[in-house]
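Q: Read off the chains here:
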Amino acid sequence: EAGVAQSPRYKIIEKRQSVAFWCNPISGHATLYWYQQILGQGPKLLIQFQNNGVVDDSQLPKDRFSAERLKGVDSTLKIQPAKLEDSAVYLCASSQFEGLGDTEAFFGQGTRLTVV
Amino acid sequence: EDQVTQSPEALRLQEGESSSLNCSYTVSGLRGLFWYRQDPGKGPEFLFTLYSAGEEKEKERLKATLTKKESFLHITAPKPEDSATYLCAVHPYNNNDMRFGAGTRLTVKP
Chain A
1 EAGVAQSPRY KIIEKRQSVA FWCNPISGHA TLYWYQQILG QGPKLLIQFQ
51 NNGVVDDSQL PKDRFSAERL KGVDSTLKIQ PAKLEDSAVY LCASSQFEGL
101 GDTEAFFGQG TRLTVV
Chain B
1001 EDQVTQSPEA LRLQEGESSS LNCSYTVSGL RGLFWYRQDP GKGPEFLFTL
1051 YSAGEEKEKE RLKATLTKKE SFLHITAPKP EDSATYLCAV HPYNNNDMRF
1101 GAGTRLTVKP
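Chains as they are written, first to last, in this note's numbering: chain A, 1 to 116; chain B, 1001 to 1110.
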């Protein structure tokens, strides 16, 4: 079974530039998550999709972050403009059912973003 | 507010030296508690889900247990390949946010 695919693996940008990350979840998984993991901390949920609808985006900084999941499959996360504090690993995860309490989530390898 | 605290932050063990990692949580109704393993440069890898106090699950040298306030990840006779960061997360009933702890960085020396 293919895992969650993310690209790029690494990205270095200057502050105020924009950046986009891509995620392709496991086939058939209805729920997709984007997490931000700052060095030394646990992952923090940014946004959760159920198919192509947003379930939870309460912790997404909407003035600079946006995400979409067209056709309920792959997803993109965008930051515009980036700030130094956005330096982190951005993880995408998917699960088969709504809510991670129902089934385990599978994570991609993440995109390490460095803002200079 | 929902909180997850893991201890210790870092743990160094000799190969074969058993120990336990702690995850204390405060949540308004627990839907599930998860343990993940994270290797450097990789995403978290699912280990266990626990749903109710008294529940236990095992996988190779790992055993996870759950009480109403905390969970333990017991590592029996660890090997160097068990070195990783172990993350605990709770999923409350009242929202979709799975709250992660900061993790315990485990190093097992041969």
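Hints in this document: simulated from the structure, not taken from any laboratory.
Careful, some of the hints might be misleading.
Stated by the list, open to error - Quick list of in silico lysine-lysine cross-link-like pairs, DSS-like style, CA-CA up to 27 Å: (1) LYS1109/B - LYS1059/B; (2) LYS44/A - LYS1063/B; (3) LYS44/A - LYS1109/B; (4) LYS1068/B - LYS83/A; (5) LYS1068/B - LYS44/A; (6) LYS11/A - LYS1068/B; (7) LYS1063/B - LYS1042/B; (8) LYS15/A - LYS1042/B; (9) LYS78/A - LYS1109/B; (10) LYS44/A - LYS1057/B; (11) LYS1042/B - LYS1057/B; (12) LYS44/A - LYS71/A; (13) LYS1042/B - LYS1068/B; (14) LYS1059/B - LYS1079/B; (15) LYS1069/B - LYS62/A; (16) LYS62/A - LYS83/A; (17) LYS78/A - LYS11/A; (18) LYS1079/B - LYS1068/B; (19) LYS1057/B - LYS1079/B.
The structure presented is a predicted model; accordingly, all values stated were derived computationally and were not measured.
Q: Against this structure, judge whether each hint is valid.
A: Hints and how they fare:
{"no.": "1", "hint": "LYS1109/B - LYS1059/B", "verdict": "21 Å, holds"}
{"no.": "2", "hint": "LYS44/A - LYS1063/B", "verdict": "25 Å, holds"}
{"no.": "3", "hint": "LYS44/A - LYS1109/B", "verdict": "31 Å, violated"}
{"no.": "4", "hint": "LYS1068/B - LYS83/A", "verdict": "40 Å, violated"}
{"no.": "5", "hint": "LYS1068/B - LYS44/A", "verdict": "23 Å, holds"}
{"no.": "6", "hint": "LYS11/A - LYS1068/B", "verdict": "42 Å, violated"}
{"no.": "7", "hint": "LYS1063/B - LYS1042/B", "verdict": "23 Å, holds"}
{"no.": "8", "hint": "LYS15/A - LYS1042/B", "verdict": "25 Å, holds"}
{"no.": "9", "hint": "LYS78/A - LYS1109/B", "verdict": "41 Å, violated"}
{"no.": "10", "hint": "LYS44/A - LYS1057/B", "verdict": "26 Å, holds"}
{"no.": "11", "hint": "LYS1042/B - LYS1057/B", "verdict": "24 Å, holds"}
{"no.": "12", "hint": "LYS44/A - LYS71/A", "verdict": "25 Å, holds"}
{"no.": "13", "hint": "LYS1042/B - LYS1068/B", "verdict": "31 Å, violated"}
{"no.": "14", "hint": "LYS1059/B - LYS1079/B", "verdict": "14 Å, holds"}
{"no.": "15", "hint": "LYS1069/B - LYS62/A", "verdict": "34 Å, violated"}
{"no.": "16", "hint": "LYS62/A - LYS83/A", "verdict": "14 Å, holds"}
{"no.": "17", "hint": "LYS78/A - LYS11/A", "verdict": "13 Å, holds"}
{"no.": "18", "hint": "LYS1079/B - LYS1068/B", "verdict": "30 Å, violated"}
{"no.": "19", "hint": "LYS1057/B - LYS1079/B", "verdict": "20 Å, holds"}
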